[in-house]
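Student: If you want the building blocks of each chain, they are given just below.
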Amino acid sequence: MSVQVRYFASIRESLGGGESVYFVVGETVVDLRRRLQSRSSAHAEALGDGKALRCALNQTLCDADALVPDGAEVAFFPPVTGG
Amino acid sequence: MTTAPRVSVQTADFDLAAEVRALHAGDAGVGAVVSFVGTVRDGAGAGASASPRVAMLELEHYPGMTEQAIERMIDAAFSRFDIRAARVIHRVGPLPVHARIVLVAVASAHRGQAFQACEFLMDYLKTQAPFWKKEHTSEGARWVDARVSDDEALARWGLRSDNGAAG
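Those protein sequence lines, which keep their order, are chains X and H. Residues 1 to 83, numbered by our numbering, are exactly what the first sequence covers, in order. Residues 1 to 167, numbered by our numbering, are exactly what the second sequence covers, in order.
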């Protein structure tokens with residue numbers, strides 16, 4: 001009953017590579033982001049509502065209102081800049 | 001059709017000539033190969049900009065997701081364009097100025113489809129593949145910002161992206 005959270009780029013520099021959190025029935029990706037914000041002041045800053053962030057659910061880009069299933073991998077990262 | 005891997009994410013450099021050769025080896029129906037190579041640019045080098053010189057670019061990615069995302073992009077290119085083979089190589093890790101970053105190469109019977117598919121793949125890659133660039137300059141390091149113009153480039157193909165305008 002857990003969700004694996006992963007961070008990349010500037011978010012990873014602030015919060016580390018990721019963490020495991022308990023699973024909440026019916027939680028969406030944006031709900032999870034808000035829950036993570038309350039973990040520390042660093043979380044509140046890095047994952048703040050005003051921050052332009054993208055998210056992925058099980059390694060696929062997703063919308064903020066995507067439902068997070070038990071055992072999922074959810075990633076938060078800044079806009080991508082490859083190529 | 002080639003049986004070689006379509007996607008590689010690697011620290012090592014690549015051999016453009018060898019990749020182009022492999023893309024149409026054994027397929028006599030290929031009449032056009034279009035390749036794009038992206039390199040590390042020093043934005044201050046032209047003299048027009050006041051930004052500090054880039055000494056090195058560091059590329060981070062999301063292992064696992066990156067490869068899957070690019071495979072799906074190539075699938076999308078195959079369904080949109082009449083192409084016969086495609087190859088994407090993206091380097092990660094520290095890269096000096098002038099180093100090659102990315103290769104997108106596409107083979108088709110005639111040039112039009114290969115040109116379009118190559119551009120489509122690059123536009124897609126820029127806004128949808130999980131890579132991040134960090135510039136190291138004499139004045140410190142900073143993460144490169146996404147560009148709204150890259151979202152606009154993808155929009156030409158009827159695909160929406162809020163990458164540069166995320167938030």
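One should not assume that every hint holds.
Claimed, not checked - Partial list, derived from the structure: chain X residues whose beta carbon lies under 10 angstroms from chain H: (1) 9; (2) 10; (3) 15; (4) 56; (5) 58; (6) 59; (7) 61; (8) 69; (9) 70; (10) 71; (11) 73; (12) 78; (13) 81.
Calculated directly from the structure, the hints in this document are not laboratory data. All C-beta atoms in this analysis are idealised placements derived from N, C-alpha and C, irrespective of residue type, glycine included.
Student: With chain H as the partner, please determine if residue 71 of chain X meets the hint condition of a C-beta pair closer than 10 angstroms.
Tutor: Violated - the Cβ of residue 71 of chain X stays beyond 10 angstroms from chain H, reaching only about 16 angstroms at its closest.
Student: With a cut-off of 10 angstroms, does the beta carbon of residue 56 of chain X approach a beta carbon of chain H closely enough for the hint to hold?
Tutor: Because about 6 angstroms separates residue 56 of chain X from the closest Cβ in chain H, which is inside the 10 angstroms limit, the hint holds.
Student: May I ask you to test the interface hint for residue 70 of chain X with respect to chain H, counting a Cβ-Cβ separation under 10 angstroms as satisfied?
Tutor: Since the shortest Cβ distance to chain H is 20 angstroms, the answer is violated.
Student: Does residue 9 of chain X meet its interface restraint, that is, does its C-beta lie within less than 10 angstroms of any C-beta in chain H?
Tutor: This hint holds: residue 9 of chain X lies near chain H, its Cβ roughly 4 angstroms from the closest one there, short of 10 angstroms.
Student: Grab the minimum C-beta distance from residue 15 of chain X to chain H and call the hint holds if it beats 10 angstroms, violated otherwise.
Tutor: With Cβ-Cβ at 14 angstroms, over 10 angstroms, it is violated.
Student: Min Cβ distance, residue 78 of chain X to chain H: is it shorter than 10 angstroms?
Tutor: Since the shortest Cβ distance to chain H is 7 angstroms, the answer is holds.
Student: Quick check on residue 73 of chain X please, does its C-beta sit within 10 angstroms of some C-beta on chain H?
Tutor: At 9 angstroms from the nearest chain H Cβ, residue 73 of chain X passes the 10 angstroms test, so the hint holds.
Student: Against chain H, is residue 58 of chain X within 10 angstroms by beta-carbon distance?
Tutor: holds, 9 angstroms
Student: Min Cβ distance, residue 69 of chain X to chain H: is it shorter than 10 angstroms?
Tutor: violated, 17 angstroms
Student: Closer than 10 angstroms between Cβ atoms is the bar; does residue 10 of chain X clear it against chain H? Give me holds or violated.
Tutor: With Cβ-Cβ at 5 angstroms, under 10 angstroms, it holds.
Student: Please check whether residue 59 of chain X passes as an interface residue: C-beta within 10 angstroms of a C-beta belonging to chain H.
Tutor: Holds, because the Cβ-Cβ distance from residue 59 of chain X to chain H comes to roughly 4 angstroms (cut-off 10 angstroms).
Student: Can the hint on residue 61 of chain X be confirmed by a CB-to-CB distance to chain H that is less than 10 angstroms?
Tutor: holds, 7 angstroms
The structure fails to meet hints 3, 8, 9, 10 from the earlier list, while all remaining hints are met.
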